[in-house]
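This is what each chain is made of:
There are 2 protein chains.
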Amino acid sequence: MQEQKERGVDIALVHHPVLGKKGEIIGSAVTNLDLHDIARIARTYGVDEYYIVTPYADQQELVKEILEHWQKGHGSTYNPARKEAFSLVRLAHSLEEVIEGIARKRQLKPMLVTTSAGTQEKCISYTESRKRIDNGEPTLLVFGTAHGLAPEVSAKADYTLPAIAGRTGYNHLPVRSAVAIICDRLLSDENDK
Amino acid sequence: MQEQKERGVDIALVHHPVLGKKGEIIGSAVTNLDLHDIARIARTYGVDEYYIVTPYADQQELVKEILEHWQKGHGSTYNPARKEAFSLVRLAHSLEEVIEGIARKRQLKPMLVTTSAGTQEKCISYTESRKRIDNGEPTLLVFGTAHGLAPEVSAKADYTLPAIAGRTGYNHLPVRSAVAIICDRLLSDENDK
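Sequence lines, in order, name chains P and B. Each residue of the first sequence is one higher than the last, beginning at 1089 in this note's numbering. Each residue of the second sequence is one higher than the last, beginning at 1089 in this note's numbering.
It should be emphasised that the hints constitute simulated quantities derived from the structure, not laboratory data. Be aware that one or more of the hints could be misleading.
Given that identical chains are not distinguished, each listed pair holds provided it fits within a single copy or across any two copies.
[As the list claims (entries may be wrong)] 25 Å max Cα-Cα, derived DMTMM-like pairs, lysine to aspartate or glutamate:
#1 Lys1193 <-> Glu1225
#2 Lys1109 <-> Glu1172
#3 Lys1219 <-> Glu1278
#4 Lys1281 <-> Glu1209
#5 Lys1109 <-> Glu1156
#6 Lys1210 <-> Glu1112
#7 Lys1160 <-> Glu1149
#8 Lys1281 <-> Glu1216
#9 Lys1281 <-> Asp1222
#10 Lys1171 <-> Glu1112
#11 Lys1219 <-> Asp1277
#12 Lys1110 <-> Glu1172
#13 Lys1244 <-> Glu1188
#14 Lys1109 <-> Glu1209
#15 Lys1152 <-> Glu1240
#16 Lys1109 <-> Asp1122
#17 Lys1210 <-> Glu1185
#18 Lys1281 <-> Asp1246
#19 Lys1197 <-> Glu1185
#20 Lys1210 <-> Asp1122
Nothing here was measured: the structure is a model prediction, and the numbers come from that model.
Turn these sequences into a full structure, and let the hints guide you.
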């Protein structure tokens, strides 16, 4: 078996700037289920940290309350597995703050890898991305809420992953499902299939 | 390219009989998000029908109200993509009813394929299951809510799929995420990776 370097993968879920229904730039509200589901997915696949990105003070307070409940409150004893998942969750005001934090942590700037339900430039295959990650390239996977990441975010990407096509051309997956599928494509154990 | 037969895959999400926190047999409540997310996943991957299995009249009423909103009410015009996803959703009182319905539809009893976060008998790999589906074998993928399918359901399975291991041994994925990952492993377009 080929020896693998330690993999350094983090996830960011962006709530601003993202696209609205008509393609306008908006800030979206944090969804409780996105916190839970993506934390559990991240924990399953060995993701290091899961950043909730929102510039809004009220949304940050909401996230803090949920985290408090599951990390220190009743939830932490009622469901220790959930506490474990929530231990990966971080709050950030902007994607720049996330990148700076990771660069400090890893002493290396991560590759900024965006995801999209549409066609983007700088696209590489899942197989190629997986190889880079296995080779130890620090990677920040960036997901957008609402109707996806604003073009200004995608423009900063080192590369982008292809839209998940399924077989039907229907491209309206929840972001929670996209995170699950993309983590499985990039980070699963090959022996597991 | 090898010619593929039409694939006949349906999904059932079972709310009774499933396991509770202490391993006891329970009936769980229908979760709104499971309806939405799994319908969107099913539509993406070309699943034929998505059955919500619950014997409880009040839960059936709840599902009907949600379906009504998205198929005929305000939701259907507000979000036509969601209407399309919900067009796959069916209600059933029991897994037996689902199997009989599919047998009538396909003139052939489907293979009953269960999923689990634990170790089960009659386990085959994802690769092998994918081959059988590609070869035209009608397949009913069965997922359990709460703490998983009751043993009496798994006992009826023709075969079962391995637990999704990720890389860490943490096995507390939401059922919504498991459906996304398993559909991607079994039904995705290989060119998409």
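Of the hints given before, which are not true for this structure? Per hint list: 15 and 20 violated.
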